[in-house]
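Colleague: Assemble chain G onto chain D, guided by the hints.
2 protein chains.
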Amino acid sequence: MTAGLGTRTAVQLIEIFQTPEAVFRASRSELEAAGVGPGLAQSITSGCAFEDAVTQQQKLAEAGAVAISVKDPRYPIRLKDIFDPPPLLFARGRVELLNELTIGMVGTRRPTAYGTTVAGRLAKDLTCAGLTVTSGMARGIDTAAHRAALEAGGGTIAVFGCGVDQIYPSENRKLAEQIARDGLIISEFPMATPPYPQNFPIRNRIISGISLGVLVVEGGQYSGSAITAKLAAEQNREVFAVPGNITSKMSWGPNLLIKQGAKLVQEWNDVVVELKPEDRRTLAAQCRNRLNLKDNAIGESKDSSQTSLAYGPEGTSRTVLQHLKPDAPVTLDYLVENLNGTSPSEIIAALFELELAGLVRQLPGKSFIKIWID
Amino acid sequence: MTAGLGTRTAVQLIEIFQTPEAVFRASRSELEAAGVGPGLAQSITSGCAFEDAVTQQQKLAEAGAVAISVKDPRYPIRLKDIFDPPPLLFARGRVELLNELTIGMVGTRRPTAYGTTVAGRLAKDLTCAGLTVTSGMARGIDTAAHRAALEAGGGTIAVFGCGVDQIYPSENRKLAEQIARDGLIISEFPMATPPYPQNFPIRNRIISGISLGVLVVEGGQYSGSAITAKLAAEQNREVFAVPGNITSKMSWGPNLLIKQGAKLVQEWNDVVVELKPEDRRTLAAQCRNRLNLKDNAIGESKDSSQTSLAYGPEGTSRTVLQHLKPDAPVTLDYLVENLNGTSPSEIIAALFELELAGLVRQLPGKSFIKIWID
Chain D
6 MTAGLGTRTA VQLIEIFQTP EAVFRASRSE LEAAGVGPGL AQSITSGCAF EDAVTQQQKL
66 AEAGAVAISV KDPRYPIRLK DIFDPPPLLF ARGRVELLNE LTIGMVGTRR PTAYGTTVAG
126 RLAKDLTCAG LTVTSGMARG IDTAAHRAAL EAGGGTIAVF GCGVDQIYPS ENRKLAEQIA
186 RDGLIISEFP MATPPYPQNF PIRNRIISGI SLGVLVVEGG QYSGSAITAK LAAEQNREVF
246 AVPGNITSKM SWGPNLLIKQ GAKLVQEWND VVVELKPEDR RTLAAQCRNR LNLKDNAIGE
306 SKDSSQTSLA YGPEGTSRTV LQHLKPDAPV TLDYLVENLN GTSPSEIIAA LFELELAGLV
366 RQLPGKSFIK IWID
Chain G
6 MTAGLGTRTA VQLIEIFQTP EAVFRASRSE LEAAGVGPGL AQSITSGCAF EDAVTQQQKL
66 AEAGAVAISV KDPRYPIRLK DIFDPPPLLF ARGRVELLNE LTIGMVGTRR PTAYGTTVAG
126 RLAKDLTCAG LTVTSGMARG IDTAAHRAAL EAGGGTIAVF GCGVDQIYPS ENRKLAEQIA
186 RDGLIISEFP MATPPYPQNF PIRNRIISGI SLGVLVVEGG QYSGSAITAK LAAEQNREVF
246 AVPGNITSKM SWGPNLLIKQ GAKLVQEWND VVVELKPEDR RTLAAQCRNR LNLKDNAIGE
306 SKDSSQTSLA YGPEGTSRTV LQHLKPDAPV TLDYLVENLN GTSPSEIIAA LFELELAGLV
366 RQLPGKSFIK IWID
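So the protein lines, in turn, are chains D and G. 6 is the number of the first residue of the first sequence in my numbering; add one for each residue after it. 6 is the number of the first residue of the second sequence in my numbering; add one for each residue after it.
I should point out that these hints are in silico values taken from the structure, not numbers from a laboratory. Just to be clear, a hint being listed does not mean it is correct.
One copy or two, it doesn't matter: identical chains are merged, so the pair holds either way.
Said to hold, decoys possible - Only pairs whose alpha carbons sit at most 25 Å apart, straight line, appear in this in silico DSS-like list of lysine-lysine:
{"no.": "1", "residue 1": "LYS254", "residue 2": "LYS371"}
{"no.": "2", "residue 1": "LYS85", "residue 2": "LYS281"}
{"no.": "3", "residue 1": "LYS330", "residue 2": "LYS371"}
{"no.": "4", "residue 1": "LYS179", "residue 2": "LYS281"}
{"no.": "5", "residue 1": "LYS281", "residue 2": "LYS264"}
{"no.": "6", "residue 1": "LYS64", "residue 2": "LYS281"}
{"no.": "7", "residue 1": "LYS371", "residue 2": "LYS235"}
{"no.": "8", "residue 1": "LYS375", "residue 2": "LYS330"}
{"no.": "9", "residue 1": "LYS264", "residue 2": "LYS254"}
{"no.": "10", "residue 1": "LYS268", "residue 2": "LYS235"}
{"no.": "11", "residue 1": "LYS371", "residue 2": "LYS264"}
{"no.": "12", "residue 1": "LYS235", "residue 2": "LYS264"}
{"no.": "13", "residue 1": "LYS375", "residue 2": "LYS281"}
{"no.": "14", "residue 1": "LYS179", "residue 2": "LYS375"}
{"no.": "15", "residue 1": "LYS235", "residue 2": "LYS64"}
{"no.": "16", "residue 1": "LYS235", "residue 2": "LYS85"}
{"no.": "17", "residue 1": "LYS235", "residue 2": "LYS330"}
{"no.": "18", "residue 1": "LYS235", "residue 2": "LYS254"}
Looking at chain D on its own, in the form it has when it is part of the complex:
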């Protein structure tokens, strides 16, 4: 809120003086010694912005939001690496999501039915794979992605182009409430900032900045999502795109991105395989932990020889695993025939979960083998 102080200088001063507070406590000569021009040094030391800051504090408290400085351990680690990380992030919701492995999903505000469907499906599958879906809560693809992530029981991060206490577009009021409860809303814009159009391109660098990569679902050739993809590439983030019919205007952008080197995504795993080995290991470990925890919770009153009687999808995963072999593929049909009392869709869900956990590999012809882990 200090006049004349830009994002990059602010972060540099915090680096020099260690904390934001120390920057404001510094004298004009100390600031000038740190390379700040006399005008800006006066602006910082004047304390003119303090009144506004007090108002901000009140608004933060009212909205149940917090401000996280670049020196805060909760500040997203990947966001620090971009050219111009915001010195302060306003956050409302589950702040711990900031250091999860996140994937940005962006696309047009006017998707086709195809775009909405695949955005939802991929957001759900990526959430199941342990990734946190990040988007901008705009109409269209963003909304579909957040919704599906929440439905899959995941946290999701919405990066706003306005204050985290604002709702834009207004039709997403309910979704915003749900994200603030089960997910996280963040913004670098102060509380009460309206959704100025110029804020959105600025906001987009945060979506890619906190993410391992950005997935573009639908968009025209010169769309906002194409810009986000460009930013992501400049930030050294992986760019993913969902192809579509060349007769569809809305698939022109993603198809062009693929032509330019973006990774083509047919299913969730096309994203996961491109992640760094350590990130893939983290996801697999998360997934295994989840399976074990659930299995233990259910199996408490049962001994392990009775697991085939276990109830629910977690028990099913374990049962399915028992029917698989590390040396010979077993077909889905065989599993359906031999797992009495378990529906095909439960078996498919279990196989999916086991594949995510790195315990099972799918082979051609809908057959599966167990992966030997020692």
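Modeller: Relative to the frame of chain D, chain G by itself:
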């Protein structure tokens, strides 16, 4: 037709003895000296296949077909480079097409409406760009590609998995007649060979073998077109694929190919830009020649100052070119407003032709500049 004589040995013997005739004139000891085993040497010298060969000659004459040996100057130059070029090609139609720049187009026999549409559109545009579309005259994508190529006034090559005097599938009788007249039918299988299923994978290597590259339009993950793409890659041919919705089973194959490195094709130019510079130059020269020839034919009774009154699309190309500048982009709207008496679709067609000829470049926002050629 010689028992025990395979494709590769046949071609090697022709290389050694210079002509197919010389191979049959050779003695057993000469053949054995050339590395042929005693059994095969006897089979070659026995002349047992000669009766069949006479029947073949008759059938060739009846069908108006010719046999082209690997030593014939008309034999496709690129086909000689593959691992196992056929020693003899049977051909019916415009044999001169064999040494045109050709592009293979393959896809499923059961396409969606999308697949049929884009196969037709791309075949037409690639034909207009001066490429000869080659396919297998199967149901579906192949048929759509041949039809569109013929409608665009181009020659098209159909590679049969049966004799060139056979029709398969029978519903394509009329199309086959048209191809034999305006295009070319070829096969390595002797006259009267039925369409045995095992012939088709063998045939596919010819489609890719005579082509600069192969474009896959629709197909499942383990489809015949995926096999053709694999063959093409092994033959060092460029592999192209048209993306499609990930929810469409028929786009799974092409999308997977793109993931594996095939070039994504949104429009004809995505094929042309990947060709070798000398092939691109040949296409551009062809196209310029075609334009000049047509312009001259029309302009005969007019002097060049009157070209804006010229009639027909060729005249339009010249008029459009006069309205373009090498230094400042001109919009399509400007052209439509200023070229009285010329319909927008004629102007678009002219711009398209000029772009193909390398005389015009399209810039973002439907604007165009003239390319300076000195």
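Colleague: Next, verify each hint and record whether it holds.
Modeller: Here is how each hint holds up against the structure:
1. In this homomeric assembly, LYS254 and LYS371 come within 25 Å of each other (Cα to Cα) only across copies, at 15 Å, whereas the closest approach inside a single copy is 34 Å.
2. Taking the closest pair of Cα atoms, LYS85 and LYS281 come within 25 Å of each other only inside a single copy of the chain (19 Å); across copies the shortest separation is 44 Å, beyond that limit.
3. In the homo-oligomer, the alpha carbons of LYS330 and LYS371 lie at most 25 Å apart inside one protomer (15 Å), although the nearest pairing across protomers, at 59 Å, exceeds that limit.
4. In the homo-oligomer, the alpha carbons of LYS179 and LYS281 never lie at most 25 Å apart, since the shortest distance is 36 Å inside one protomer and 56 Å across protomers.
5. When the C-alpha separation of LYS281 and LYS264 is checked against a cutoff of 25 Å, the pair qualifies both within a copy, at 23 Å, and between copies, at 18 Å.
6. Taking CA atoms no more than 25 Å apart as the test, LYS64 paired with LYS281 passes in neither setting, with 40 Å inside one copy and 63 Å between copies.
7. Only between protomers do LYS371 and LYS235 lie at most 25 Å apart by alpha-carbon distance; the minimum there is 22 Å, versus 37 Å within a single protomer.
8. In this assembly of identical chains, LYS375 and LYS330 lie within 25 Å of each other by CA distance solely inside one copy; the values are 5 Å within and 66 Å between copies.
9. Taking identical chains as interchangeable, the C-alpha atoms of LYS264 and LYS254 lie at most 25 Å apart whether they share a chain (16 Å) or sit on different chains (21 Å).
10. Taking the shortest Cα distances, LYS268 and LYS235 sit within 25 Å of each other both inside one copy (14 Å) and across copies (20 Å).
11. In this assembly of identical chains, LYS371 and LYS264 lie within 25 Å of each other by CA distance solely across copies; the values are 21 Å between and 30 Å within a copy.
12. When the C-alpha separation of LYS235 and LYS264 is checked against a cutoff of 25 Å, the pair qualifies both within a copy, at 14 Å, and between copies, at 20 Å.
13. Taking CA atoms no more than 25 Å apart as the test, LYS375 paired with LYS281 passes inside one copy only; the shortest distance there is 23 Å, against 46 Å between copies.
14. With identical chains, the CA atoms of LYS179 and LYS375 are never at most 25 Å apart, being 43 Å at best within one copy and 54 Å at best between copies.
15. In this assembly of identical chains, LYS235 and LYS64 lie within 25 Å of each other by CA distance neither inside one copy nor across copies; the values are 34 Å within and 62 Å between.
16. Taking the shortest alpha-carbon separations for LYS235 and LYS85, only the intra-copy value of 19 Å comes in at or below 25 Å, while the best inter-copy value is 44 Å.
17. In this assembly of identical chains, the alpha carbons of LYS235 and LYS330 never lie at most 25 Å apart, being 45 Å within a copy and 31 Å across copies at closest.
18. In this assembly of identical chains, LYS235 and LYS254 lie within 25 Å of each other by CA distance solely inside one copy; the values are 19 Å within and 30 Å between copies.
Figure legend: structure checked against the earlier numbered hints; hints not met, in rising order: 4, 6, 14, 15 and 17.
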